[in-house]
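Asks: Given next are the chains, with one letter for each unit.
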Amino acid sequence: VRENRLITGLLLAVVLVVILNLPESVSGAFKGFVREAVAPLQDAVHRGWRSLGEAAASVRGFGSLARENQRLGSELAALRAEIRDLRALAAENEELRRELRFHARAPRQLIACEVLARDPDGWWQTLRLNKGRADGVLPNLAVVAAEGLIGRTVEVSEHTADVLLVSDPACKVAVRIPRTSTFGVLAGRGPSWRGETLCRIDFVNKNAAIRPGDEVVTSGLGGIFPKGLLVGYVGDQVFADRTGLYQQADVVSRARLGQLQYAYVVRGQPPANLMATPAPAGEAAP
Amino acid sequence: VSLLVLIFALLVGAVLQSVLPSPGWLGHAPFPMLLGLVLYYALLGTRSQTLWAALLAGLVSDALELVPLGYTSFAYLLAGLAARHFREVVMARQWTTHLLFGAAAHAGTTALCFVLLLQSDRPALSWATGLGRVAGALVTGSLAVPLVCGLLLKLERTLGHRPREEST
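Protein chains in written order, with this note's numbering: chain E, 1 to 286; chain U, 287 to 454.
Because the hints were derived from the structure by calculation, they are not lab data.
Mixed in with the good hints, there may be bad ones.
[Unchecked claim] Listed below are several chain E residues computed to face chain U (Cβ distance under 8 Å; list not exhaustive):
no.: 1; residue: 7
no.: 2; residue: 8
no.: 3; residue: 10
no.: 4; residue: 30
no.: 5; residue: 155
no.: 6; residue: 159
no.: 7; residue: 261
[To be verified] Which residues of chain U face chain E? A few of them, derived with a C-beta cut under 7 Å, are:
no.: 8; residue: 306
no.: 9; residue: 338
no.: 10; residue: 342
no.: 11; residue: 346
no.: 12; residue: 349
no.: 13; residue: 355
no.: 14; residue: 364
no.: 15; residue: 394
no.: 16; residue: 446
no.: 17; residue: 447
no.: 18; residue: 449
Cβ coordinates follow ideal geometry from the N, Cα and C atoms, glycine included.
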């Protein structure tokens, strides 16, 4: 019996060592296989749960309004994102004309996705979307909602994609405050006890006169997030950092990350040097 | 039959674990359906069933998360073996046993995974995140594991795989 236990233990140890040292391509393929197998069930449960919510709303007499609201919300999200894209393009066009230089810039295309699961692992603040490689979603693409940027894709299978949310401390975004033309790095601070999205912008020029309510957008300098995506607004707290060399400010995201039903992946080509990394630590500093 | 039950339980457990909300005030600790499966076999099954369940449940759990493949299997194997070692010490097949084992095992596996993740190349985690999640794991583990064990026992009894006179 003792010999059997020893052999079993050794075999298990060998199996574990092999699993832990599998090449990224093999472990990625395995993860993709399991996610693909589970995704239809997740989707069914998610839809069932939503149907139950709608049924409850119908009982209360708001069923048709809830559906209409959902449809309009989805449409509004796409339109707002489109307007923001157009504004960014217009500003860029003006700048290029001024400098008498021109370079082609492809218009931003969005891939509409439904949220399959929230915080599927809980270690990081993530969402799982119902679109994957088959629909053109790749790792390290920006993900937006009607209210602005919500994160970036990290692990992508054939029909699912995991999104690391901006509220996660591991998600760093190079940002800009347009009113003062100030740059900084935004990082999440995790959820508050009340479930609010907390972010903080760091490395802001200490002489910049930023104030609560200032709009914060992506600067496009990190390579992952396109320029001009709305991230949020400067909150009440603006203060010098410990060194006194920079300012820090709280940023309030308008996106209700815990209640999202739809999200839009910004179609594009992710940076080549990040393609092979499933979950890099964050975006480059501004 | 037991293999089919294991596969069925793995599938249902994986879906439930990924779909059930993990509240922020519990440190986003998920309800550990897959760990419940491992503890069920550790407390009521054979040694090989425990090891298989731990290995497969860990792999499925890791596949659905951003965690590198194998971390959770390692943690579940340790939890399963520890539960088997101590299963005669406390009152086996009592819901209180499942509750205690669930809380301890989920907190232990969460703490172990946190330490492993700190050493990995994954996005950085803060100590506050880890401690909050371990504390939350005590609660979610004590709630989910008795439920999973009870349901699996009922399923196996219905299938005639386990005698009906066994009490929980």
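Asks: Let me make sure I understand: some of the numbered hints might not hold for this structure. Which ones are they, in numerical order?
Replies: 1, 3, 6, 7, 8, 9, 10, 14, 15, 16, 17 and 18
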